[in-house]
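A.B. asks: Let's have the full structure, built from the sequences with the hints guiding it.
There are 2 protein chains.
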Amino acid sequence: MSAMRTLLHMPFDPSSRFIRLVLAEKGVPARLAETRPHDPDSDLTRFNPAMTLPVLIDEPPTGGEIAISPAGAIAEYIEETQGGGALMPATSAGRAETRRLIAWFESKFDSEVNALIVRRRIDGQLKTHRWNDPEPIGKMQQAMIWHLDYISYLLERRQWLAGDRLTVADLAAAAHLSVSDYFGFVPWPDFRDLRDWYARMKSRASMRPILADRLDGVTAAAHYSNPDF
Amino acid sequence: MSAMRTLLHMPFDPSSRFIRLVLAEKGVPARLAETRPHDPDSDLTRFNPAMTLPVLIDEPPTGGEIAISPAGAIAEYIEETQGGGALMPATSAGRAETRRLIAWFESKFDSEVNALIVRRRIDGQLKTHRWNDPEPIGKMQQAMIWHLDYISYLLERRQWLAGDRLTVADLAAAAHLSVSDYFGFVPWPDFRDLRDWYARMKSRASMRPILADRLDGVTAAAHYSNPDF
Chain A
55 MSAMRTLLHM PFDPSSRFIR LVLAEKGVPA RLAETRPHDP DSDLTRFNPA MTLPVLIDEP
115 PTGGEIAISP AGAIAEYIEE TQGGGALMPA TSAGRAETRR LIAWFESKFD SEVNALIVRR
175 RIDGQLKTHR WNDPEPIGKM QQAMIWHLDY ISYLLERRQW LAGDRLTVAD LAAAAHLSVS
235 DYFGFVPWPD FRDLRDWYAR MKSRASMRPI LADRLDGVTA AAHYSNPDF
Chain B
55 MSAMRTLLHM PFDPSSRFIR LVLAEKGVPA RLAETRPHDP DSDLTRFNPA MTLPVLIDEP
115 PTGGEIAISP AGAIAEYIEE TQGGGALMPA TSAGRAETRR LIAWFESKFD SEVNALIVRR
175 RIDGQLKTHR WNDPEPIGKM QQAMIWHLDY ISYLLERRQW LAGDRLTVAD LAAAAHLSVS
235 DYFGFVPWPD FRDLRDWYAR MKSRASMRPI LADRLDGVTA AAHYSNPDF
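Top line first, the protein sequences correspond to chains A and B.
Each residue of the first sequence is one higher than the one before, starting from 55 at the first, in this note's numbering.
Each residue of the second sequence is one higher than the one before, starting from 55 at the first, in this note's numbering.
The reader is advised that the hints may include incorrect statements.
One side only, chain B facing chain A, incomplete, derived with CB under 7 angstroms [to be verified]:
id, residue
1, 114
2, 122
3, 123
4, 145
5, 150
6, 153
For lysine-lysine, the following DSS-like pairs were computed, each having C-alpha atoms within a straight-line distance of at most 30 angstroms [what the hints assert, rightly or not]:
id, chain 1, residue 1, chain 2, residue 2
7, B, 181, A, 162
8, A, 181, A, 193
9, A, 181, B, 162
10, A, 80, A, 162
11, A, 193, B, 193
12, A, 193, B, 162
13, B, 162, A, 162
14, A, 193, B, 181
15, A, 181, B, 193
16, A, 193, A, 162
17, B, 181, B, 193
18, B, 162, B, 80
19, A, 162, A, 181
20, B, 193, A, 162
21, B, 162, B, 193
22, B, 162, B, 181
Think of the hints as simulated: they come from the structure by calculation, not from any bench.
In this text, all values refer to a predicted model and were calculated from it rather than measured experimentally.
Idealized CB from N, CA, C, for every residue including glycine.
C.D. replies: The structure is reproduced here in structure tokens:
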């Protein structure tokens, strides 16, 4: 009997949410192991010396145990090794566009939007790090609107982010937006195409566990888990 | 007749060098178009709204013109669409390890080592940005040694970075190290396995154009282009 596939994650880490969505969409079972990178009892460094989440621990048919990170590499690995509906486009051009958008959310949106306030508040709540300087609220809001404008530009031309069907790019985008949305930072009424797309995402079964997550001491925005908003 | 494949790049941008190496190893011709992101005459934003380099512009058999970024997505696209020797491992586990290492150099090494001093000096030389605070030399050297220790740890166990043959992970590593090495920031004598690996990399034909690059006003380290060092 092979050991259970395990995902080292944190419930409010956007990149971890991205992979929970990929696993759920593919119907791949995995044990979720909540892991705080700075906890001295964590053995994260053994599985990922870069100390980032998420990490997927798996036992491939070729033998041994492997630990995969970061999220982009995990998504490709699950797509390559698991059956079920394809989450990557069939053409190389489509896959290139999907990978561009994964990097967009994992790197650009994360550093320009979520890192400014949302990640700090989560750190503060979990007591993993204490931030003393004031929250750059105006800078975050400005970056958020720039990003929502860009996603809307794509959604005016395409039914899904990378083309005419759902791909891992939609899952990456929904994961990153969902964390900002918990704090009420996404001005949905100003972005109708985007809101329609997110309503479609929220009504998927894969989103349910994520919309059920609650952070101690922080109340979710009223519409957070409601697909009609 | 199809238009020439074009790479928007800068000669001393580590991520651009990574893709020049991938193109050269695969024997794929491409026009190199030097592009400065902050130049008002640059039309980079049309091809990549994230405003990062490199960008590969191609005309796929499915029609139209596509613009691919960032470097990781370009490497996958070239590997998928071009013949020649494989630069990705044959197993999903091997590919996952290769992608982990690409992200390591493109994100972690770049932000923790090259961004601190090397990228600033290049910006200053090209007058694309002016930095006024002092160079964090100690911090950069400490991070460099941590990274060289980690690469050495891998090379004690493997002939190449991701396993028993050359992959795109080696090209990403060589690209990022080559820029630091131009400035003389890599303490090779303390890292023999690493130096042996880099000597093998430097003797490859794909490295020759990169080792011939010169930055106006900055003399290359004496051993920069010498495979025996």
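A.B. asks: Each hint: holds or not?
C.D. replies: Evaluated hints:
no.	hint	verdict
1	114	holds (5 angstroms)
2	122	holds (4 angstroms)
3	123	holds (6 angstroms)
4	145	holds (6 angstroms)
5	150	holds (4 angstroms)
6	153	holds (4 angstroms)
7	B:181 to A:162	holds (24 angstroms)
8	A:181 to A:193	holds (24 angstroms)
9	A:181 to B:162	holds (24 angstroms)
10	A:80 to A:162	holds (26 angstroms)
11	A:193 to B:193	holds (28 angstroms)
12	A:193 to B:162	holds (25 angstroms)
13	B:162 to A:162	holds (14 angstroms)
14	A:193 to B:181	holds (26 angstroms)
15	A:181 to B:193	holds (26 angstroms)
16	A:193 to A:162	holds (14 angstroms)
17	B:181 to B:193	holds (24 angstroms)
18	B:162 to B:80	holds (26 angstroms)
19	A:162 to A:181	holds (25 angstroms)
20	B:193 to A:162	holds (25 angstroms)
21	B:162 to B:193	holds (14 angstroms)
22	B:162 to B:181	holds (25 angstroms)
Hint compliance for this structure: no hint is broken.
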